[in-house]
Amino acid sequence: MNNITTLKSIAMQVRRDILRMVHAAQSGHPGGALGCADFFVALYFDVLHHNPNEFDQQGRDQDVFLLSNGHLSAVWYSVLARSGYFDVSELATFRKFGSRLQGHPATHEGLPGVRFASGSLGQGLSCAIGMALGKKLDDDDALVYVLMGDGEIQEGQVWEAAMFAGGKKVDNLIAVIDFNQKQIEGSTSDVLPPGDLKAKWEAFDWEVLEMNGNDIEEVIDTLRLAATLTGNEKPVLILMSTEMGFGVDFMMGTHKWHGIAPNDEELKNALSQLKETLGDY
Amino acid sequence: MEKLNISLSANSGNKDTRSGFGDALFKLGQERTEVVALSADLTGSLKMDKFAKTFPDRFFQIGIAEANMMCIAAGLATGGKIPFTGTFANFSTGRVFDQIRQSIAYSEKNVKICASHAGITLGEDGASHQIMEDIALMKSLPGITVINPCDYNQTYAATLAVADHEGAVYLRFGRPKVPNFTPPDHKFVIGQALLMREGSDVTIFATGHMVWKALEAADALNKNGISAEVINIATIKPLDREAIMESILKTRCAVTAEEHQIYGGMGESIAGFLARNFPTPVEMVGMNDVFGESGTPDELMEKFGMDTHHIIEAATLVLARKQY
Numbered sequence: 000m001n002n003i004t005t006l007k008s009i010a011m012q013v014r015r016d017i018l019r020m021v022h023a024a025q026s027g028h029p030g031g032a033l034g035c036a037d038f039f040v041a042l043y044f045d046v047l048h049h050n051p052n053e054f055d056q057q058g059r060d061q062d063v064f065l066l067s068n069g070h071l072s073a074v075w076y077s078v079l080a081r082s083g084y085f086d087v088s089e090l091a092t093f094r095k096f097g098s099r100l101q102g103h104p105a106t107h108e109g110l111p112g113v114r115f116a117s118g119s120l121g122q123g124l125s126c127a128i129g130m131a132l133g134k135k136l137d138d139d140d141a142l143v144y145v146l147m148g149d150g151e152i153q154e155g156q157v158w159e160a161a162m163f164a165g166g167k168k169v170d171n172l173i174a175v176i177d178f179n180q181k182q183i184e185g186s187t188s189d190v191l192p193p194g195d196l197k198a199k200w201e202a203f204d205w206e207v208l209e210m211n212g213n214d215i216e217e218v219i220d221t222l223r224l225a226a227t228l229t230g231n232e233k234p235v236l237i238l239m240s241t242e243m244g245f246g247v248d249f250m251m252g253t254h255k256w257h258g259i260a261p262n263d264e265e266l267k268n269a270l271s272q273l274k275e276t277l278g279d280y
Numbered sequence: 000m001e002k003l004n005i006s007l008s009a010n011s012g013n014k015d016t017r018s019g020f021g022d023a024l025f026k027l028g029q030e031r032t033e034v035v036a037l038s039a040d041l042t043g044s045l046k047m048d049k050f051a052k053t054f055p056d057r058f059f060q061i062g063i064a065e066a067n068m069m070c071i072a073a074g075l076a077t078g079g080k081i082p083f084t085g086t087f088a089n090f091s092t093g094r095v096f097d098q099i100r101q102s103i104a105y106s107e108k109n110v111k112i113c114a115s116h117a118g119i120t121l122g123e124d125g126a127s128h129q130i131m132e133d134i135a136l137m138k139s140l141p142g143i144t145v146i147n148p149c150d151y152n153q154t155y156a157a158t159l160a161v162a163d164h165e166g167a168v169y170l171r172f173g174r175p176k177v178p179n180f181t182p183p184d185h186k187f188v189i190g191q192a193l194l195m196r197e198g199s200d201v202t203i204f205a206t207g208h209m210v211w212k213a214l215e216a217a218d219a220l221n222k223n224g225i226s227a228e229v230i231n232i233a234t235i236k237p238l239d240r241e242a243i244m245e246s247i248l249k250t251r252c253a254v255t256a257e258e259h260q261i262y263g264g265m266g267e268s269i270a271g272f273l274a275r276n277f278p279t280p281v282e283m284v285g286m287n288d289v290f291g292e293s294g295t296p297d298e299l300m301e302k303f304g305m306d307t308h309h310i311i312e313a314a315t316l317v318l319a320r321k322q323y
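Line by line, the protein sequences are chains A and B. Take the first sequence: its position 191, counted from the start at 1, is 190 in numbering that gives the first Met the number 0, and no numbers get skipped. Take the second sequence: its position 33, counted from the start at 1, is 32 in numbering that gives the first Met the number 0, and no numbers get skipped.
Just chain A, with the same shape it has in the complex (with noise of 0.2 Å):
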């Protein structure tokens, strides 16, 4: 168990590594990482019953994380190396030739931690649930965890997978959607409105809680309370307020930076806000 300073030390260094990465690979993602980086430092730092030193596809008695908005990988491949699962040296290969840092996931080539490719979006839920299923057959009280964009959510899978779990009482699942509010082109509420989200999932026989994605402290605070709501014949959604580039000042409060690389002065700006490092790859 970490303490709040200590988390949020390492979502500093998170997001200085999300940055560094996509500068070197001169691709990616880095808007909707960066406004991610508190929610998977409190889930793989505080969160998870999880050994990344073990790490095996069917994680028995383990909770399990899959992310269904795979343009995220920037953020998780730095979050599973800071927590163990592969060494910090790995991250400088992401989006390189030969990496095992893909561009999207992948388990292709191995990379501990991902047990699912995505990329193509609106897939996760459905595999989450199908985990979930599992652990039930098993008696394995672990639980599943996934996390969504709130563009993704376009996707009609997803509310196939959503009445599923409700109707079906898959209540071993956490599902998180990273409610930012942009997509690619612009606000969801220019792309496609998605109207009361609370509403529209507990309409599906959702149980659903609210946070602040990037105040690491509630996010604790809400998974803790999400997880003991586990078990009472209800999958547990949690809509998560994120800024997208949350800690670098001329990346937030736009869209801009939902899949385009800083370049040399961005970067030195960007970490020049984000001082403070544990060492960097």
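Just so you know, the hints here were simulated from the structure itself, not pulled from any lab data. Hints may contain errors.
As the list claims (entries may be wrong) - If you anchor each label on the Cβ, the simulated ranges turn out as follows:
#1 B:Gly93 to A:Ala198: 32 to 38 Å
#2 A:Gly185 to B:Pro55: 46 to 52 Å
#3 B:Gly93 to A:Asp204: 26 to 32 Å
#4 B:Lys249 to A:Asn50: 57 to 63 Å
#5 B:Val289 to A:Lys135: 45 to 51 Å
#6 A:Leu136 to B:Ile63: 41 to 47 Å
#7 A:Ala198 to B:Asp297: 50 to 56 Å
#8 A:Glu209 to B:Ala126: 46 to 52 Å
Unchecked claim - Footprint (simulated), chain A over chain B, 3 or more residues, beta carbon under 8 Å:
#9 69-80
#10 165-176
Built from N, CA and C at the ideal position, the CB exists for glycine as well.
Based on the hints, put chain B in the right spot on chain A.
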């Protein structure tokens, strides 16, 4: 290549291939607790009822949501289960190609995609349901094994075999009752073609329901003094290249017969293999780039060029093209 030497008197009575799947799935349920089954509201059509009733904990009714079903299966496979998904071939492939591609094939999941009502012999429902493109879709994906057994017994045996195989499988079968002629106790070996009838003038490579028609064609050709060899390509991917070469070195010409589009089907796989290794005249019997329509299976197989006489005509054509 294993020889079966099947004559037309081998038919023990018409049965549907989907029942071979359902009966074998039930047997797997009895023998292996890691076998689970998923259905998208077509449990009865896939003959999965007995499994569903006997093993309710291991049966998942997903509803009419095939994309969700494929990815749930991928999740179950990750946890160590052996999931068998069941729906029509149309909804098992075209509707969910991206889910199979990303969450099953690319994610390397041990999911068995079991597809009934494949091909035009689905009949009266019409072209919306008569998928003739599923083999093309599935064989294009890296890592997926594609199996199309010919009768009830072989579908039963193939279903048992795919449970033992580590990796994603597309198992294709059909709706109508058709001759059941392979030996009931014959073990299915994935990737192995079977010599159904020996011959020396022309090889007929057939898959699925077309294997029986190929045997009928071989009989008719024989009466005209043409010795036709019939090979059952039950596994379309990976192809049994040795068996194909063994036969072609003897006959030097081939007819392919399948209940599928010519574009992207088994015939194309065989022709491609031969073009790369041993260029050989090939004629193809299959659906020729059109959609089907409502009708009885027999009416449709006749209209769209996949009946016994079409194989005979193709054999005559290819024999005329044979160089030596």
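Just pull the numbers of the violated hints for me, sorted ascending.
-> Of the numbered hints, 6, 10 do not hold.
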